[in-house]
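Peer 1: Turn these sequences into a full structure, and let the hints guide you.
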Amino acid sequence: MSESLYSKSCDNSFTDAIIKVGHAEFQIHKIILSKCSRYFQALFTTWSAPDKNVYEIRDLSPDVTRLIIFYAYTSTVPVTSTNAMELLLAADRYNVLGIVEVCCDFLMEMLSTENCIGIWQFSDICYCSQLQEKAFEFILCNFDQVISSKEFHQLSVEELCDIFDHDELNVKNESIVFEAICKWISHNSERRKRHFAILLPKVRLALLSLEYIITNMVTSELMNNNAECWEMVLSSLQLKMQMATSIPPLITTGDTVAHPRVPKDILLAIGGWIYEDVLDVIEAYNVRIQCWVSIPHHLNRPRAYHSSVFLNESVYCLGGYDEQENFSSMCRFDLNTCTWHEVAPMHYRRCYASVTVLDGYIYALGGYDGTSRQKSAERYTPDTNQWSLITPMHEKRSDASCTTLNNKIYICGGYDGEESVQTGEFYDPETNQWTMIASMGTQRSGHGVVAYVGHIYAVGGFDGREHLKSAEAYNPQTDSWNPVPNMLTARSNFGYEVIENRVFVVGGFSGFRSICSAECYDADAKRWFEVEEMETPRFGLSCCLISGFPDLTRNLYRFYFHLLHKKEDKHISQTYWLTLMLDY
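So the sequence shown is numbered by full-length UniProt numbering: it starts at 1 and just counts up by one.
Source of the hints: derived by calculation from the structure; they are not laboratory data.
There's no promise every hint is true.
Said to hold, decoys possible - Derived CB-CB ranges, DEER-like:
#, residue 1, residue 2, range
1, Asn-501, Cys-338, 45 to 53 Å
2, Asp-359, Gln-145, 47 to 55 Å
3, Gln-477, Arg-527, 22 to 30 Å
4, Thr-381, His-23, 53 to 61 Å
5, Asn-475, Leu-97, 24 to 32 Å
6, Thr-381, Arg-66, 36 to 44 Å
7, Thr-337, Thr-215, 46 to 54 Å
8, Pro-382, Arg-513, 32 to 40 Å
9, Pro-62, Asp-334, 46 to 54 Å
10, Arg-194, Ser-48, 49 to 57 Å
Note that the coordinates shown come from a computational prediction; the quantities given were computed from them, not determined experimentally.
Backbone N, C-alpha and C fix where the C-beta goes; we use that ideal spot for every residue, glycine too.
Peer 2: Shown next as structure tokens:
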């Protein structure tokens, strides 16, 4: 098919039928439309006489009809934000599956917090299960922002229940769910307040703090004179008391109000060094229940001072050291099959290398080959299973750290074989060139570097004299560094990642021993918070985030839900709980 053939229909060359839409008429070739749509095939061959050549269609606009005909002749169609839904509805009705696919792909690319609810609701009208699934998944993943959209108030109570029932609803705290319910009801209070008793059980009440329940729920106007809702809250308080005073806590799989949701991301802490041993262990951290668990699938070989990244549903571990040799090897853990596979090795042995992912490629920068510190750099293409050398850095760097921001790779600090350095540079893959940036305020090696709130954060490390708890942030707009609050614990050679808009640091070396403690930094609060410590103290580990594997997360933590409740409300006496309930 081609536009030249389409032009023949426009000038009536050899056409054998007319489609009438309102006052518009379109000359067409029956065989062309039949090939792109079973509806038109049946219309021309089964539902009408062979000699019929004029067909009137009443439920299409001339513009959409023109697009369908254009697609039939050219196999292309110009989809825009203004015509996508109307075109998809028409293509679905008239069985033009090629246009259905193009429109669905367009709408999936267009998903945002402002339109995802409308697209989800629309996908229920036409047959596009993939669009419906993607739109719903987008709502779940971005719910804390979706509730601020105008479309949020358009949801029905049944649709809200579908969202709140889902384990994968991505909310940091159940207070977000409660406040979303209140916001939805307040939009039309007189008609919607009767739904409060239906929606309140969707909040996992036993996961809320006692302070929040007393301060925000008990005082809510929606609770006034609502005995059914009061009963739900009191039942949840009783369950919280049991969880705080019973070991193991008395919860069951049926206690939905106490069942933590599945996080979007899981943090993996991989390998490392403890005392005289190199480790092959992997621990996973669940931010919802704030606990670590060792996973049964160990590294295929022990590694320390290595790197790990998540890409294409796999975890890649590369480089490092095992007390005998520095590695050039890389292995891939397939998260779908839970199996390890050796893949192409790097061009150079790299211990203490800096590794990141950008645009589907893995970049390995610098490191130590067992003899000298490296300035060489290379990148891995998963599709071809090949490494390619890129332009070397300006300076030698092992024990450095890198991250990506604005489609560039930033690397800062490191050790050059003589001292810890404080310089930094960035790589632009479009030009294959490195550019120096302003130096950090402190020499750092064995530190962590992450992209966070539009800046590059450099945290902890070793300055050649002492292990650091200091941190600083680089502003690419001004090419300058500024101090940020210190960590709670000085550490080097630790794991680090950004989870739910907080910087997490894990394990490391304090200068005296390997540590298992962890902490996180919140830019809004401008402070560090303690986090549940790992089971195994270690340094020289690497961390990476995995996303999109809720079933794996459930399997890892199916016996660990009670850990959430060990840390909460232990200071509250049974007398206080009983007094609270008796007051009611």
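Peer 1: Within 47 to 55 Å: is that where the Cβ-Cβ distance between Asp-359 and Gln-145 falls?
Peer 2: Taking Cβ atoms as reference, Asp-359 and Gln-145 lie about 25 Å apart, which means the hint is violated.
Peer 1: Looking only at beta-carbon atoms, does the pair Thr-337, Thr-215 fall within the given range of 46 to 54 Å?
Peer 2: holds, 48 Å
Peer 1: 45 to 53 Å was suggested as the range; check whether the CB atoms of Asn-501 and Cys-338 agree with it.
Peer 2: Violated: the Cβ-Cβ distance is about 30 Å, outside 45 to 53 Å.
Peer 1: For the pair Pro-382 and Arg-513, does the Cβ-Cβ distance stay inside 32 to 40 Å?
Peer 2: holds, 38 Å
Peer 1: Holds or violated: the 46 to 54 Å window for the beta-carbon distance between Pro-62 and Asp-334?
Peer 2: holds, 51 Å
Peer 1: Has the hinted range 36 to 44 Å been met by the Cβ atoms of Thr-381 and Arg-66?
Peer 2: The hint (36 to 44 Å, Cβ to Cβ) holds, given that Thr-381 and Arg-66 are roughly 42 Å apart.
Peer 1: Taking the beta carbons of Asn-475 and Leu-97, is their distance inside 24 to 32 Å?
Peer 2: Violated, since Asn-475 and Leu-97 (Cβ atoms, about 50 Å apart) do not stay within the stated range.
Peer 1: Okay, Gln-477 versus Arg-527 on CB: inside 22 to 30 Å?
Peer 2: Given range 22 to 30 Å: holds, Cβ gap about 25 Å.
Peer 1: May I ask you to test the hint 49 to 57 Å on the CB atoms belonging to Arg-194 and Ser-48?
Peer 2: Holds: the Cβ-Cβ distance is about 52 Å, inside 49 to 57 Å.
Peer 1: State, for the Cβ atoms of Thr-381 and His-23, whether the hinted interval 53 to 61 Å holds or is violated.
Peer 2: holds, 56 Å
Hints 1, 2 and 5 from the list above are not met by this structure, while the remaining hints are.
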